[in-house]
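J.: With the hints as your guide, set chains B, C and D with the ligands onto chain A.
Protein chains in written order, with the working numbering: chain A, 60 to 441; chain B, 60 to 441; chain C, 604 to 945; chain D, 604 to 945.
If you're looking for bench data, these hints aren't it; they were derived computationally from the structure.
There may be inaccurate statements among the hints.
[Unchecked claim] Away from chain D, derived, C-beta distances all over 12 Å, residues of chain C:
hint : residue
1    : A618
2    : D624
3    : L647
4    : R650
5    : G677
6    : V726
7    : E785
8    : V788
9    : A793
10   : P796
11   : L800
12   : G807
13   : S835
14   : L874
[Said to hold, decoys possible] Chain C stretches covered by chain D per the calculated footprint, using a threshold of three residues with CB under 8 Å from any CB of chain D:
hint : segment
15   : 680-694
16   : 697-710
17   : 729-740
18   : 859-872
19   : 914-922
Keep in mind it's a predicted model, so treat the numbers as computed, not measured.
Each residue gets a CB set at the ideal place from its N, CA and C atoms; glycine is no exception.
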Amino acid sequence: MTYTQTTPDHGAADRGDPEHASDVDDVARVLEPDGTRVADAALDPWIADLSPHELRALHRDMVLTRRLDAEGVALQRQGQLALWAPCRGQEATQVGTAHALAPGDFVFPSYREHGVLLGRGAQPADYVLAWRGEEHSAYDHTTINAAPPQIIIGAQSLHATGWAMGAQRDGSTDVAVAYFGDGATSQGDVNEAMVFASSFGAPVVFVCTNNQWAISEPVTVQSTFPLAGRAPGFGIPSMRVDGNDALACVAAMRWALDRARRGEGPSFIEAVTYRMGPHTTSDDPTRYRDADEVEAWTRRDPIARLEAYLRAEGVLDDGGLDEVARAADALAIEVRAACIGATTRAPETLFDHVYAEPHGPLERQKAEYAAYLAGFDQEDAR
Amino acid sequence: MTYTQTTPDHGAADRGDPEHASDVDDVARVLEPDGTRVADAALDPWIADLSPHELRALHRDMVLTRRLDAEGVALQRQGQLALWAPCRGQEATQVGTAHALAPGDFVFPSYREHGVLLGRGAQPADYVLAWRGEEHSAYDHTTINAAPPQIIIGAQSLHATGWAMGAQRDGSTDVAVAYFGDGATSQGDVNEAMVFASSFGAPVVFVCTNNQWAISEPVTVQSTFPLAGRAPGFGIPSMRVDGNDALACVAAMRWALDRARRGEGPSFIEAVTYRMGPHTTSDDPTRYRDADEVEAWTRRDPIARLEAYLRAEGVLDDGGLDEVARAADALAIEVRAACIGATTRAPETLFDHVYAEPHGPLERQKAEYAAYLAGFDQEDAR
Amino acid sequence: MTSLTLGGAIGAGLARAMQDDDRVLLMGEDIGKLGGVFRVTDGLQRRFGAERVIDTPLAEAGIVGTAVGLALRGYRPVVEIQFDGFVYPAFDQIVCQVAKLHYRSSGRIRMPLVIRIPWAGGVGAAEHHSESPEAYFVHTAGLRVVAASNPQDAYVMLRQAVASDDPVIFFEPKRLYHSKAEVDVDIDLADAPPMHLARVAREGTDATIVTYGAQVRTALDAALAAEDEGLSLEVIDLRSLSPLDMNTVAASVRKTGRVVVTHEAAREAGLGAELVASITEQCFEYLEAPPARVTGHDIPYPPSKLEKHHVPDLDRILHAVDRVLERGTAAPAAATIEGGVR
Amino acid sequence: MTSLTLGGAIGAGLARAMQDDDRVLLMGEDIGKLGGVFRVTDGLQRRFGAERVIDTPLAEAGIVGTAVGLALRGYRPVVEIQFDGFVYPAFDQIVCQVAKLHYRSSGRIRMPLVIRIPWAGGVGAAEHHSESPEAYFVHTAGLRVVAASNPQDAYVMLRQAVASDDPVIFFEPKRLYHSKAEVDVDIDLADAPPMHLARVAREGTDATIVTYGAQVRTALDAALAAEDEGLSLEVIDLRSLSPLDMNTVAASVRKTGRVVVTHEAAREAGLGAELVASITEQCFEYLEAPPARVTGHDIPYPPSKLEKHHVPDLDRILHAVDRVLERGTAAPAAATIEGGVR
Ligand SMILES: Cc1ncc(C[n+]2csc(CCOP(=O)(O)OP(=O)(O)O)c2C)c(N)n1
Ligand SMILES: Cc1ncc(C[n+]2csc(CCOP(=O)(O)OP(=O)(O)O)c2C)c(N)n1
Ligand SMILES: [Mg+2]
Ligand SMILES: [Mg+2]
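Only chain A is shown next, with the shape it has when bound in the complex (with noise of 0.2 Å):
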């Protein structure tokens, strides 16, 4: 009984092979490039519905997701923010996925997720003040169904099959979904996920966004066969798609979605995309990658495969597009707003919300230090 590594067009391969890995056209698609469609029958059936409105919707939200995304770069360039992690490139991946998702579905996203959250209806001030360094976490997880975005890489795929298992628990259909990415289906965490998913049959969809980097690790560190093909080996049936093909993200997440409310357990999705942009703020990606691969990829650009699509479908038009652009800028001057007009809140807050119940000895610490900065006040008084 020797078990090799078989992938449906590959056959079997005597080894990993980080080409293999690597190779970002062995994957599912509906949309080639140029914004043609094409038909692949594992997709097709879960977006043939789909109606001009809700196509136009997903384009739009690619497109405020861009510009949201250029807003927190340019907010961090101009000192108002501390950080960004740009997601450039990533808007199929991430609006499309967002896209198919219920309201009761509870999202556990990385850093970087921006895209998803616009979709779970997050508001703009929601978007910065974590990087601006004034919150840990922005929004209220309740009212947009999203966890506070995870810097811990892996850390939030057990949250999400716990979540799972609890919705499973409850008898209800609801689904968590985690967002992680390549680099973080190496760390122990993210195994144990699909251990534990697996093992309860939990209603979880893992959505890996391949977008072949690390910070400066190219995916082949993290694996030397392809990412999708590691979730079968967990009990967990996965799906290798197009991360760029917005159509082909919505189906996938369908697929996935659809497993898990009729009580078949987890699935996994790796969509295959690129990070345009550099990985934080801080980063400088010419140190470690070719500008040709980067200008490879722009001809690949998720937002003008879409626009191209729907334009040749005649569901979009000039008019549309100016219509989103303008929707584009007011949710970026509204992110702006928000951004520069954030108080920082008062240094005794500080000491709120260590514990939920009360605690003597850290009131005794904040009555101390509202005191010691007392002192400083009654000084200047003086």
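T.: Same frame as chain A, but now just chains B, C and D with the ligands:
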């Protein structure tokens, strides 16, 4: 691009299937439970050259292992050992895989690998002093090329991988072997070990002893898919063999070692066997498993199976069996003597080997404690 | 009143908590059919079903991480870590998630999670089965840390821990699992002392011994032995390790002027350090002698045949009492009752 | 002498160690082409090759665990943890394996492993990027823990750490990465002070400030400000956090009779507790006032806009100096140089 679980015999399944994960006959073997030799194209080439002498050595080591294990249990029952983790039923897996090793290879065992240590040339005291509580690890790792037994489940898989990375850098053909159980596959460490081994093409063999149980949990709690099926997703080829067939274990191990020595990187072996005894002498397996199951496995006994085959082949006769039985008794007597004759080291040695380099404060603690103890002697003298 | 072992009292507390609140779930390795390796959860899976008493895969980060998710969904998971030495794979989830999520979410997320840990040595166990990791958790803001030393406290504190909206690390002294006492299982939690308060386990006037967990028993034995020599020792059972009830500790030290702190964990940066530091800060003018620490040595937990030289016993405590009483480094008292050095 | 930043000095130390000993390897995330997120390993992969400067998969337990294996094979791995807050996934490997393998093998296995950790706050970073986990490691027997506060020490101590046959947790104060000084890179290690000794960073007579890492700078600033008020403060840079050089600390406290301990980590069971406890034990009769601790609050590290209220600054240190000098809780000194509260 949909990935589903594909196994050589079962084809694609829509979801992890516990029945399948625990199908103990979905394995490669060359000896049927009754000792009949059957052909297996993948395994046969690796054992074609096994001489009668080697076959007898395999059998002998399995009998020795069983005897030594029984002695461990007896010594614990008699209060001579604090604990013992029986390996009865797993002799083929342990002895078979260890038999294939070269002296320069290095094994990273768990706490249950008595037969592996035997294969590495452990001395009588080596088996028991740690279980008696005299030392954390009884043997010199450099003498038998075996790391201290690992109790932290799965941790050793990373050590083996790192050691293999070192061997690789040395340009040697030495191979590292990590032994761990079915339960261990759920730990992040084991999965991270596969990631690292695959990424660096490290010459390491992962030997997963699937003895069906992790204390009271059946393997289906850990996985809904055969454990051997997990490795390929990490870019690591694997074999699922009958762990009660010593010849299959030798063959699989040779296949894996050969790959490693030829620079082809890591391999994974799932040896499907059964823990006939309790988890440890502290455990009561009647609380969680049926007598029927245990009974069924007695009919797959690894020693009886090899014995039947060797007798049929004329490689072993009553005289030979007697000789082995006498050797086993002799080993048991030595082990017993090493155990009962053990002395506890002086209390001051508690402080030794915390650090390799001088450490003032700890030396003072040691002196203080020695002085404290000396106080009792003075008092006794008065 | 029911006669219960400490382990049995925890089991009874769990059963009661599960009965009172459907959202309470148990998770851990071997806690179902087997009832846990210490049988604390014995019978609970049969009673409450496998959906609420969950045998998990063998992965501590996984257990704690999924418990975080369950808490987010509104459950109140009680996690069992099989032995003290196996909590470290979950350390990241505990320190970065469990402890911080309430703060990270500005109070919007609650983490009503209990992490039960069979704890510490003195039971002749193998490597990694006798750890005292409490200082790591005490140093971690956002966690509450408690340790019961008797069946009644174990029963009540377990239920209080489950009822708390904060995450609680619940240490269970292995060495006392089988110690028995009468437990009032019908006690109204409102009548019981809150979890964060220490307890004067024995009153005395000459010196104070501050301790927790299984060392409470040893300290009481020491106080009994000292009585024979005419010494009156006060023994404080901290119960809560974080927050520390320094009011109770300081009141005692102000009375006696002399204090010995004892625990099994290593001395360096252990909880004893915090106690001595806080005592010194709060009782400086009352101290007649420097506080003394009697702790495990600064070594990894030793092989079990040598553990009696590591876990502080009655003699080592009395030796330190002599020191704080400035009775010279007298020869240690002979080991009069069990637990002596030799 | 070469002018180097603290980060640059560590890089130079690494290069020298690799040049001197083929068995020295570097491992970590993004340490190769990128040269690490702080550029400490800049150029080293180009110089020593990808076999010796290893970009690892993104898994800290994996990094430390494979480093253990490499050490067993005779290598001397120097591991980089990208940020302080990402060391926790490796905690199990560090506590149970790295720290204990020498002991567990009765001295047969050596663990010449260095774990470099860019460390602590004050740099406006995001969540989990400003942690001060040193107490966890100090409490763990079997580890050595050091923290450099200036380029020369960073260079020498890095090389000493690599040369040590014991595992060393090497904390690198992020806030000082760019601080520059002249470094003698040709220094003979035999002439340099050994890694385990503290350093009197500034002599003084009225009170002692004990600290380490980036707080050394803050303490020296405080001493300078105090000088204007006619106060003479001694500042001790511990350098080694485990073992602690209590000889140097105690000598200073015996001289001044008054002591302030400061660090960024939370107070509860932090290293300051150990220092105050040890000082009290060893200098009781010399103490004119209870030692004071000035530490981070007992909270998770706050959002960066508020961190200036968390990391103890010059004013908070001087406020505590006033306290140990029993100058009443005078209004704090105005912030005269950078680092004031407001
Ligand atoms: C446990 C942990 N280790 C390291 C880091 C530092 N770090 C932040 S992002 C990152 C790369 C993540 O790559 P990937 O998972 O592919 O996500 P991407 O950034 O590409 O979206 C690293 C190493 C971290 N945040 N957490
Ligand atoms: C990190 C960790 N968690 C839990 C344990 C407790 N424990 C010891 S053995 C065991 C079961 C291991 O099962 P498996 O890996 O199948 O090996 P087997 O005992 O069957 O040989 C458990 C849970 C441990 N030793 N280490
Ligand atoms: Mg990535
Ligand atoms: Mg097993």
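J.: Take the hints in turn and mark each one as holding or not.
T.: Comparing the hints with the structure gives:
At roughly 32 Å, the least C-beta separation between A618(C) and chain D is larger than 12 Å, which holds for a residue marked as non-interface. Distance check on D624(C): its Cβ is at least 28 Å (rounded) from any Cβ of chain D, clearing the 12 Å threshold; non-interface status holds. With a closest Cβ-Cβ approach of about 28 Å to chain D, L647(C) is found to remain outside the 12 Å limit, as its non-interface label requires. Even its closest Cβ contact with chain D, about 33 Å, leaves R650(C) beyond 12 Å, as expected for a residue assigned away from the interface.
Residue-level check passed: G677(C) sits 23 Å from the nearest beta carbon of chain D, beyond 12 Å. With a cut of 12 Å on Cβ distances, V726(C) stays outside the contact zone with chain D, its closest approach being about 19 Å. The non-interface label for E785(C) is consistent with chain D: the shortest C-beta to C-beta separation is roughly 34 Å, beyond 12 Å. No beta-carbon of chain D comes within 12 Å of the beta-carbon of V788(C); the shortest separation is about 33 Å.
Non-interface call for A793(C) relative to chain D: holds, since the shortest CB-CB distance, roughly 28 Å, exceeds 12 Å. The Cβ of P796(C) lies farther than 12 Å from every Cβ of chain D, with a closest approach of about 22 Å, so its non-interface assignment holds. The Cβ of L800(C) lies farther than 12 Å from every Cβ of chain D, with a closest approach of about 17 Å, so its non-interface assignment holds. Once the 12 Å rule is applied to beta carbons, G807(C) is consistent with being away from chain D; the minimum gap is 22 Å.
Here S835(C) stays apart from chain D, with its beta-carbon at least about 23 Å from theirs, past the 12 Å limit. Not every beta carbon of chain D lies more than 12 Å from that of L874(C), the smallest distance being close to 6 Å; the non-interface claim is violated. Counting residues of the segment 680-694 of chain C whose beta carbon lies closer than 8 Å to any beta carbon of chain D gives 4, which reaches the threshold of three, so the coverage claim holds. Only when three residues or more bring their CB closer than 8 Å to a CB of chain D does the claim for the segment 697-710 of chain C stand; here the count is 6, and the claim holds.
Under a criterion of three residues with beta carbons nearer than 8 Å to beta carbons of chain D, the stated coverage of the segment 729-740 of chain C is upheld, 4 such residues being counted. Closer than 8 Å: that is the beta-carbon criterion, and the segment 859-872 of chain C has 4 residues meeting it against chain D, so the requirement of 3 holds. Taking a C-beta to C-beta cut-off of 8 Å, the segment 914-922 of chain C contributes 0 residues in contact with chain D, too few for the three needed, and the coverage statement is violated.
Against the hints set out earlier in the document, violations occur for numbers 14 and 19.
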